[in-house]
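**Q** Chains as they are written, first to last, in the numbering used here: chain D, 4 to 680; chain R, 57 to 421.
Wrong hints could be hidden among the right ones.
[Stated by the list, open to error] Think about it this way: if two alpha-carbon atoms lie no more than 27 Å apart in a straight line, the pair counts; the simulated DSS-like pairs of lysine-lysine are:
| hint | chain 1 | residue 1 | chain 2 | residue 2 |
| --- | --- | --- | --- | --- |
| 1 | R | Lys279 | R | Lys296 |
| 2 | D | Lys213 | R | Lys390 |
| 3 | R | Lys296 | R | Lys149 |
| 4 | R | Lys246 | R | Lys296 |
| 5 | R | Lys404 | R | Lys233 |
| 6 | R | Lys108 | D | Lys213 |
| 7 | R | Lys233 | D | Lys213 |
| 8 | R | Lys282 | R | Lys130 |
| 9 | R | Lys324 | R | Lys279 |
[Unchecked claim] Covered stretches of chain R, as calculated for chain D (at least 3 residues, CB under 8 Å):
| hint | stretch |
| --- | --- |
| 10 | 210-224 |
| 11 | 270-276 |
| 12 | 288-299 |
| 13 | 390-404 |
| 14 | 411-418 |
Calculated directly from the structure, the hints in this document are not laboratory data. Note that CB positions come from ideal geometry on N, CA and C, so glycine has one too.
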Amino acid sequence: MDLVATVLPALNDAFALILQPGVLMYLALGVVMGLAIGVFPGLGGIAGLSLVLPFMFGMDTVSGLALMVGMVAVVPTSDTFASVLMGIPGSSASQATVLDGFPLAKRGEAARALAAAFTSSLFGGLVGALFLTFFILIARPIVLAFGLPEMLMITILGLSMVAILAGRIPLKGLAAAGLGLVVGTIGEADAGGSLRMASYDLPYLADGFKLVIVGLGIFAVPEIIALLRQDRSISKTAELGAGWAAGVRDWWRNKWLSVRCSLIGVMVGVIPGLGGSVVDWIAYGHSVQTTKDKSNFGKGEVRGIVGPESSNNAKEGGGLVPTLIFGIPGSGSMAVFMGAVALLGAGDLEVGPQMLSADYLDVTYSIVWLLALANVVGTILCIGLSGHIAKLTTIRFTLLAPFLFMLISFAAFQSGQNLADLAALFGFGLIGIFLRRFEWSRPAFLIGFVLSNPAETFANQAYQVAGSKFQQGFDVGMAYLFGPITLVLIVVTVVSVVLGIRQARLIMSEGDVQTGTKRAPMVFLFVISAYFIISFFDASLIDDRLITDKIFPMLISGIAILCCGVLLISMMRNPETHVIFADRESSGDDADAAHGLWPTLAWFGFLLVLCSLVGFILALSVFLLIFMRLRAGLSWAHAAVYTAGGIAFMCAMAWVLNRDFPPGLLQSMVDLPWPFR
Amino acid sequence: MSLFKVSIRRMTLGLAAAAMTLAHAQTAAAVNLEGKTVTWTIPFSEKGGSAKWANFFAPLLSEALPGKPTVVVKFMPGAGSTKGANWFQRQRKGDGTVMFGSSGSTQFPYLLGDPRVRYEYKDWNPVMATGTGGVAYLPPDLAKKFDGSANNLKDVNFIYGSQGATRLDLVPLLAWKMLGLNVKPVFGIKGRGDGRLMFERGEANIDYQTTSGYLKGVASLVKAGKAVPMMTWGSLIDGKIVRDPTFPEVPTFKEVCEKTDGCETSGKAWDAWKAFFTAGFPVQKIAFLPQGTPQEVIDTFTKAFDKVKARPDFAQLSSKRLGKYPMFVGKDAKAALDQATSVPETAKAFVVQWLNDEYGVKLKK
């Protein structure tokens, strides 16, 4: 066969290139660096790649590739630590892992959850590489078949996962997703540059909110605060149950799910412009739909880990296709990777269609299989570490929390290098706390936020291009809009919505929540409705000639206002005991917690306010010391040791990665030496 | 003007090299960056052309500066690059550890009076500038109708994937408008690479790329018969538009305009196009030191960039990565900056009006 005749010799050459001690050493180095960086939420591959970029100039091509690929490949593996252990979505690739990974950690099965996740990642990476080896040769026409209508449909398929994650009241889930979508439109519109819910006097808003901050605010802050209030360890039993071997067995039992999700991962990853943001949700949705007993999802169902984790490493492989053969980066780290490739060797390697020519096919295959190899090395390291790192979940959480505040503040600041990042983190933290409290689906909100921009852009662009196609003829326009791929995607979406709505009641992505009085949930509903109404009017003020900038926020706000209206009627007609009045503060863990919500949140607020006054490092020193003494009740000496450790770690990390700390008012007046400046 | 000076510099390179090493040794005593880190801030994300540009120069600059400091490229994207530029406006650290790189997309909002602009180019100290070119291209079936003039293309409905009318895309959009082409821009794409992909998918049927983008992505399409170059924006020599040295066989927009009915190479529209072309392409990217930088630090960087330029392998390295375009250093960079930022008021007014009429873009609030 022709395909095999091209593939085999090139593969052979590729392995000859890879399997050299020097290359493998660089690969291992990259993997270790990638793991160290990936554990940090919000930093990810870009930070790591920027770190090695200066060394790439003139470096031997394959060694340089090994170093970079090693790093990129393991970031979606190692950010699982944060997702599972702390409930912090380390990157957009591991959002769905939080849903079931964190509940498992709370049950004391962190090691099992981690091992299942890593094994799935490894497998996903390998399936991805194998698939790519053949697919990459025929990928070009297939990728070109994905036009704007097809991409819009995939985005909608991603959004349809809201149906599954909506919770017990589908309308609440829909409204939460609507809120995410509308918040995603804040800032300058892509099409005409109109401002939505923003002003040029607040340039921070004009840029829109970054996923890192929204993800950390919506998922991490509420969890950290909730745990901190209870003053216990993450694992309820304070000890570790099932070990890593159980996790590997879990994966083996679900190997076919893993295969399917890996393939989903590669295929969605291949489409440029979508990247990783939808993959894990689609995989999660698929896992739910193919599971008979759905009652455990959101409470620690291992299939909810195997699915997304299989897909997110496979996606990295898929992402190589647009990067390598079209020269269009699928993600930020792929963009840096592309830039760095040009620095390697004699500088004659340029990503683009020539990567598939006979001259470069061996290099292309080297990249694909370095990726697979890096997955193997990374997974083995991670599984080896998981037992030890999982012990974090048995530590008294009060000792852990201030460091988590430190990490998420630092991560949030890296996204925009602006003090407003910290304010935004706090703001989204508050929204997250209330969404969690009243059982409004946080995953639905996040899906809405992530897909807001693609949904709006693809819809506008597809509409405009279709308009021109219809001018050429009705059949041309219809053929453009409803190609075979689009039709298949429409069917899949409809099926997934119908199934999803039927199953949503069973899946409590927020766990079991008791009901309380009517007042608090209703006040929250009013606040949300008010935001939708303001957003609707704000968008309606945009000039009619820039209809592309106003139609999306108006449409979504309008639908959401209707949802809220129906919810309101339903609230008025139902008694207090109805699930619609879910309120965590009425009874259960939160209500019985040792500390109140506001005093606990005030600690975090205290850190941020202090930071805006005296800068990050000084604020952190004061905060850690006082927190450890007053809240954790340690002696001053102990508190000082913890503080010094935290500061030293932070400084080392920032120094190595060449990152800045948030400066405060003090820094704007006095020029202080690093790390205080 | 500046180009002329460059060639003189080239001719006297042998002589200058000796003088330079001498002068270099002297300043090295005064300004030594050993053990320091030079942070080169780029107001865009890691993805764009500016990132590539800075990453290309950073290691070369590091080698050429006295004391071989580490040169780190830092990214500060936001608000169409005005965020980073506003930040740089506030920098006063003139010890050579702070550098900034601006691009055409930073120049345009400045020229158009964008409300977000709080920076002033005249305050900054340019040390190096480079240019680029741009090539417009068509699908083969439409290229058949193109005979050096755009006369037969006027009844075609063109679709163009655009990043936004106030960006560098202003230059092609205005050019096509002047040719009388009916081009409908689909706004909101994330980079010129995405525009090319739309063209390849047949969703767009006209596109342009900067030189490096064209060499990387379109040249292979042309070879495969899937795209045909239409025109370049040209290259600027002594204020006159001539054929682009990287694409000597492709006519310039000026030539096409002259042959096309109703398109004039004089008057308001032409002056405006030329002014914005000049601001966006021949001097596209500029490296700056902050205001208040002492002259000896500026001289040190100027010499370092001269040294980079004098590398025997520089021409080969840069032609592959940046195209065959001049690199301006020191005084020439200053001249280049003046050229890029001095757009006549009438041209500005014309463009602001046209953006408003055609796309509903309001720049002044």
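**Q** Which of the numbered hints above does this structure break?
**A** 1, 2, 3, 4, 7, 8, 9, 12 and 13
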